[in-house]
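Engineer: Input sequences plus hints: build the corresponding full structure.
Listed below, chain by chain, are the residues.
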Amino acid sequence: MIARLRMIGRSGLNVLQVFGRSGAFVAQSLIGVPNLKRALPLFIRQLYAVGVLSLPIIVVSGLFIGMVLSLQGYTILVDYGSEQAVGQMLALSLVRELGPVVTALLFAGRAGSSLTAEIGLMKATEQITSLEMLGIDPLRYVIAPRLLAGFFAMPLLVMIFNVVGVWGGYLVAVDWLGVYDGSFWSNMQNSTDFYSDVMNGVIKSIVFAFAVSWIAVFQGFDSVPTSEGIGRATTKTVVYSSLAVLGLDFILTAVMFGDF
Amino acid sequence: MRMRTLELSVGLFMLIGFASLAVLALQVSGLSWAPEKGSYTLYASFENIGGLTERSKVTVAGVTVGRVTKITLNKETFSGVVEMAINAEYDNFTADTTAAILTAGLLGEKYIGLISGADEELLKNGAMIEDTQSALVLEDLIGQFLFNKVNE
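Sequences listed follow chains W and B, in order.
The first sequence begins at 1 in our numbering and counts up by one.
The second sequence begins at 1 in our numbering and counts up by one.
These are calculated hints, taken from the structure and not from any lab test.
Among these hints, one or two may not hold up.
As the list claims (entries may be wrong) - No farther apart than 25 Å at their CA atoms in a straight line, the calculated lysine to any residue pairs in the SDA-like style are these:
#1 B:K70 to W:V255
#2 B:K110 to W:V78
#3 B:K110 to W:S93
#4 W:K37 to B:M3
#5 B:K124 to B:R55
#6 B:K110 to W:S196
#7 W:K37 to B:L8
#8 B:K110 to W:Y195
#9 B:K110 to W:F194
#10 B:K110 to W:W185
#11 B:K70 to W:F257
#12 B:K110 to B:T72
#13 W:K37 to B:M14
#14 W:K37 to B:T5
#15 B:K110 to W:L92
#16 B:K110 to W:G182
#17 B:K70 to W:D193
#18 W:K37 to B:R2
#19 W:K236 to W:V207
#20 W:K37 to B:L12
#21 W:K37 to B:L15
#22 B:K110 to W:S183
#23 B:K110 to W:Y180
#24 B:K70 to W:L92
From a predicted model like this one, the values you see are computed outputs, not experimental measurements.
Structural biologist: Right under this line is the structure:
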């Protein structure tokens, strides 16, 4: 009995310790004035890795999600003779929910896992230790550019996802199913507000970007430096960041759109 | 050379991202880039505003001339007071203009229709439109219909 209680206590302390360590880790890597001349190329290289290379998957999935939303919305709305409302449904569901959430999930799978594996391998091959021996702070040199690139790239990816999704929905609704062009756009514009819908989506995406990049980079840095440990850390990244994104999404939606 | 293509693609990525935000703002949410054109305020009080909401359209002959900006309740008469921002371009509504709450389609959105009268005087900024026609409330209509049936 007492042993059980001790076990629960120990696991609780472990969880707290991980949180504390990861918080200190992010604070240490981000606080301080960066040497712009040296840091900018590193940042750009990481922005390329997590942003530009994620573009294909984001664009393709955005297109298909927009198309499917339009198709499903149309088949339901046509029963009520209000198929023009498909524009409204498409824009609101993309901008408020699906854009940030799906992009964050894809980002965790595509960029987050590769960040974890990369940093984990750096640790396993003792590149990080050798940086330390050379007197270069690995937190500033390796971690900070990756974190910042993640924060920066994901909101942009969300915007691109949203636009491509709306375009895909437009293709299906207007060009294929024959919804009238003018009412498609006017319904959308009447119902979507720039500040309360688009900007709240942007805020969501920034929060998700923070969560996903933080988890990915920390899992890599905290991984057991063996091939098995790297594998496990990569899995953890994807699982934890997906859960974090979905949980945070509920909280953010309740705060932003819930009337209470 | 390698660094140059890398920087180029990152720059392009950022450009596309911000352009997407602009598209979302302009095309999807209908945010108008042009500075807000001058508008003036008119009020109208209705017995029942039905499902009218803020940002609903205000139209004349089907043409949108403004938006509903605020809806409040007059505490003395218990009527709904609707504040409308009318585009300054359309400043020649006569004093006997009537306002009605209309519905787009059978179940569509509610909007305000203004019909100008023949008076010499014009409505000024902040004027109240007195002659109004409330929203059609379906339940009231059905109730009236049933009442008439019973009376027959």
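Engineer: For every hint, state whether the structure bears it out.
Structural biologist: Tested hints:
A C-alpha spacing of about 24 Å is found between K70 of chain B and V255 of chain W, which places the hinted pair at or below 25 Å, so the restraint holds. Between K110 of chain B and V78 of chain W the CA atoms are separated by roughly 21 Å; this keeps the pair inside 25 Å, and the hint holds. For the proposed pair K110 of chain B and S93 of chain W, the alpha carbon gap of about 23 Å is at most 25 Å, so the pair holds. Distance restraint check for K37 of chain W and M3 of chain B: the Cα-Cα separation of roughly 15 Å lies within the 25 Å cut-off, and the hinted pair is therefore satisfied.
This hinted pair checks out: K124 of chain B and R55 of chain B have alpha carbons roughly 21 Å apart, not beyond 25 Å. Taking the CA atoms of K110 of chain B and S196 of chain W, the gap is about 21 Å. The hint holds against a cut of 25 Å. A hinted pair counts as satisfied when its Cα atoms are at most 25 Å apart, and K37 of chain W with L8 of chain B qualifies at roughly 18 Å. Restraint check for K110 of chain B and Y195 of chain W: satisfied, since their Cα atoms lie roughly 23 Å apart, inside the 25 Å limit.
Restraint check for K110 of chain B and F194 of chain W: the C-alpha separation of about 21 Å stays at or below 25 Å, so the hint holds. Between the alpha carbons of K110 of chain B and W185 of chain W the distance comes to roughly 18 Å, so the proposed pair stays at or under 25 Å and holds. With a CA separation close to 20 Å, the supplied pair K70 of chain B and F257 of chain W stays within the 25 Å bound. Note on K110 of chain B and T72 of chain B: the hinted pairing holds, with a Cα-Cα distance of about 17 Å set against a maximum of 25 Å.
Taken as a hint, the K37 of chain W and M14 of chain B pair is honoured in the structure, with Cα atoms around 20 Å apart against an allowance of 25 Å. In summary, the hint linking K37 of chain W to T5 of chain B is supported, as the alpha carbons are separated by about 19 Å, within the 25 Å threshold. A C-alpha spacing of about 20 Å is found between K110 of chain B and L92 of chain W, which places the hinted pair at or below 25 Å, so the restraint holds. For the hint linking K110 of chain B to G182 of chain W, the alpha-carbon distance of about 19 Å falls within 25 Å, and the restraint holds.
Between the alpha carbons of K70 of chain B and D193 of chain W the distance comes to roughly 16 Å, so the proposed pair stays at or under 25 Å and holds. Only pairs whose Cα atoms come within 25 Å are accepted, and K37 of chain W paired with R2 of chain B is accepted, the gap being roughly 18 Å. With a CA separation close to 19 Å, the supplied pair K236 of chain W and V207 of chain W stays within the 25 Å bound. Pair hint K37 of chain W plus L12 of chain B holds up; C-alpha atoms about 21 Å apart against a cutoff of 25 Å.
With a C-alpha separation of about 22 Å, the suggested pair K37 of chain W and L15 of chain B falls inside the 25 Å cut-off, and the hint holds. Annotation: proposed proximity of K110 of chain B to S183 of chain W holds, straight-line Cα distance about 16 Å (limit 25 Å). Between the alpha carbons of K110 of chain B and Y180 of chain W the distance comes to roughly 20 Å, so the proposed pair stays at or under 25 Å and holds. Restraint check for K70 of chain B and L92 of chain W: satisfied, since their Cα atoms lie roughly 23 Å apart, inside the 25 Å limit.
This entry satisfies every hint, going by the numbered hints stated previously.
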